[in-house]
Amino acid sequence: MDNVDDASVITREGLQCLLDALSGRGYMVVGPTVRDHTIVYEQLTRTDELPTGWTDEQDGGHYRLKRRPDDALFGYAVGPHSWKRFLHPPRVSLWQATRDGDELRFVPARDDPPRYAFFGVRACELAAIGIQDRVLMGDDYIDPHYRSRREQAFLVALNCSVAGGTCFCDSMGTGPDVKHGYDLVLTELLDDNSHLFLIRSGSAEGAEILAELPRTPATATHQAAATAIVEKTRSQMGRSMPQTAIPALLMDNLEHPRWADVADRCLSCANCTMVCPTCFCSTVEDTSDLEGHTAERSRRWDSCFTSDFSYIHGGSVRNSTQSRYRQWMTHKLATWVDQFGTSGCVGCGRCITWCPVGIDITEEVRAIHDDVSSGAKE
Amino acid sequence: MKDIAQIVGEHPFFQGLESDFCNLVCGCARNVRFNPGEYLFHEGGDANHMFLIRYGQVALEVAVPGKPAVSFQTLHDGDLVGVSWILPPYHWAYDARAITLTRAIAMDAHCLRKKCDDDPVLGYEVLKRLLPILTSRLHATQMQILDVYGAPEPPE
Amino acid sequence: MSDDLMVPEPVRVLSRQQELETTWTLELEAGQASRGPCLPGQFNMLYVFGVGEVPISVSGDTVQSETLVHTVRAVGPVSRKLAALKPMEIVGLRGPFGVGWPMTQSEGSDLLIVAGGLGLAPLRSAVYHVLRNREKYGRIILLYGTRSPNDILYSPQLEEWNQRPDFEVHITVDHADSDWQGMIGVVPALVPTLGFDPEDTVAMVCGPEIMMRFTVNALRDAGVEDEAIFLSMERNMKCALGHCGHCQFGATFVCKDGPVLPFDRVRGLLSLKEF
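Chains as they are written, first to last, in my numbering: chain F, 1 to 378; chain A, 1001 to 1156; chain R, 2001 to 2275.
Note that these hints are calculated values from the structure, not bench results. Keep in mind that a hint or two might mislead.
Pairwise CB distance ranges, derived in the manner of DEER restraints [said to hold, decoys possible]:
#	chain 1	residue 1	chain 2	residue 2	range
1	A	P1068	R	N2217	41 to 47 Å
2	R	P2192	A	P1068	51 to 57 Å
3	R	S2148	A	H1091	25 to 31 Å
4	A	E1043	F	D102	55 to 61 Å
5	A	R1103	R	R2134	32 to 38 Å
6	R	E2227	A	P1068	24 to 30 Å
Covered stretches of chain R (in silico footprint by chain F; criterion: 3 or more residues with CB under 8 Å from a CB of chain F, positions within the stretch not fixed) [what the hints assert, rightly or not]:
#	region
7	2008-2014
8	2215-2224
9	2229-2240
Cβ coordinates follow ideal geometry from the N, Cα and C atoms, glycine included.
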């Protein structure tokens, strides 16, 4: 859609018109809002439900909301939620089985998800959705639950105007600027005199909706301001991933002492996998009624940090925390590339922020990298 | 009829041995046969021979009180039976029983030890042939201890 | 009928036969919705009402497309219930899944089929295939190891195969009492005694992972190329479709890239602790 440059600016009222337009088209709009002292993704109808004037302070194992001196609507980084919870929900019913005499019937669960419009999808999150698309829709078997949600979803992307203390999308090549895969993209332009949003479409439906909004064409000044914001964000990344051939680094050092070191800190709590926007592992749960007439199977998120995860009769393949952390990180950063053609990490920093002991994936890579390269020099 | 030198020289254990050495060890060798069920030796007995199977099958066994003897290895054509003859105090550590009619070369242990002692080059040659057999049996024992077939198997 | 491969299809148990103390063979209806005929080495997901689902390899003659044969060892909650099913009872079936034995790829070669314990079950399908297409393969050796003479699976059949002039069967046990007239010793130790031609042999190995590891070492020592050694791996599986993540082994999804994998694909990872 780059050929139709409909770059425009809208006001905060225009943003409300966008929410209304999406609702009017039957979308359930989901976006950031403050709940329980965090910014989470929930259904939105009004712009004042956005975290107006809030920002966040993030570091290893640390997340605090703080007041901003202004009324920015998007002046914060990502919170514990990702869009994964809507596209690949934490729990999905798969089917019901009924037993009647000596007959057994399987009935697929009714699955009528809403048409979602995601409001404020950051570049790292777009990359994460792209990665889950490959995992869950990119092979012979297509997950029907994911597809029914994904194919209907409308994505309002957002160029980041601040970087969090654990952000490292720039070093993963996924952000902070949104490049493709969106219906509309916003950049918040806020100064002492005005509060505007640069908006541009990336799909036919996006263009159609944009045309309905009260707007003025974007000027070169607006565009330059938006570029400057993104570049400033890029310069403020709290973390960075070492720029090296990470898959080879990790796979050549599967028995590096650093794995034992990180295992001493890791609680095997699975937080990192729950907040990760690309982690896709799931398990199934079977339940049945007491009379034995009906049984149900549902799917829920699982984590490679649990001992059940690798259980085969006789025991778990990965018993130690060391082996589980190694599995998670080598999969995320190394074998993922073999499987799906990209890294499984988008640099959103959630795993660092939400780790109760502040384990930092970039620091773990750096520790192995520095040790190996210093060894090579000796 | 093959003479004993030919038989010894053709056995895998001594295959490729220099003819001088072969002649030396042949002086210790004689042909023996065991009928099915007959024992080559018993646990605790003096290890006076090294047996080299030519044809047949021999089971190594440990007697278990109140139960039939447990066999932990069978040996076949070309295999060596018994290593205790080279390890002081030269006592057998298990029973060896012929399962089928077994023809073997019995090397007199006193004779062979003396020749190995007198000529360390021969002694080393014999040890080099003995050691791989010992280590492969050690590996086999390790696997048996692991009881792998009681462990998980693919796929369920 | 659902086209979602996560939804099972109900099929009846046609017969049940005890093989060993804790091992039974079930013959099932093949089902309508299954994704075509099974190939040797593939597996199905079998669901027991209200209990759960487990992956089980096909152990029957896969040409018999109207039935599915699975050999189940009763070791866990699901497999115990599965093994106890009686004829006319119903199970949920999903499958077949995965990549099986390289039956076509190995045509023209000698085959060394090495099984340990219940690992003979997934290999039995390969043997049926080979016997149906005997002229397409060279020399065929089956080396089967198990714990004791009482644990020998498909004993009458092994006897029958061994009678054939074109099929060699070698059975060895870890230990036995004096009634046993056969071989005693571990599988890897017997590999070098078989006298096969390593240049022209494809090896198919299935058994406990430790047994496979040592067997692979013996095969490589004997001169068999890594690419000519195939293993059937086992890992936890929930979906069998490459989505649940449980069966990952390095970059491999055992459920869809395997369970049968060429050794060169898992080399270096197989001996790594807890990988």
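Evaluated hints:
Hint check: A:P1068 to R:N2217, Cβ distance near 33 Å, so the stated range 41 to 47 Å is violated. Range check, R:P2192 to A:P1068: Cβ separation about 30 Å, and the 51 to 57 Å hint is violated. Remark: the range hint 25 to 31 Å for R:S2148 to A:H1091 is upheld by a beta-carbon distance near 29 Å. At about 60 Å, the beta-carbon gap between A:E1043 and F:D102 stays in the expected band of 55 to 61 Å.
Checking the proposed 32 to 38 Å range against A:R1103 and R:R2134 shows it holds: the Cβ atoms sit about 36 Å from each other. Range check, R:E2227 to A:P1068: Cβ separation about 45 Å, and the 24 to 30 Å hint is violated. Beta-carbon proximity to chain F at under 8 Å applies to 3 residues in the region 2008-2014 of chain R; the threshold of 3 is reached and the given coverage holds. Coverage of the region 2215-2224 of chain R by chain F is violated in this model, with 0 residues showing a Cβ closer than 8 Å to a Cβ of that chain against a need of three.
Restraint check on the region 2229-2240 of chain R versus chain F: 5 residues with Cβ-Cβ distances below 8 Å, three needed, restraint holds.
Going down the numbered hints, you'll see the structure goes against 1, 2, 6, 8, while the others check out.
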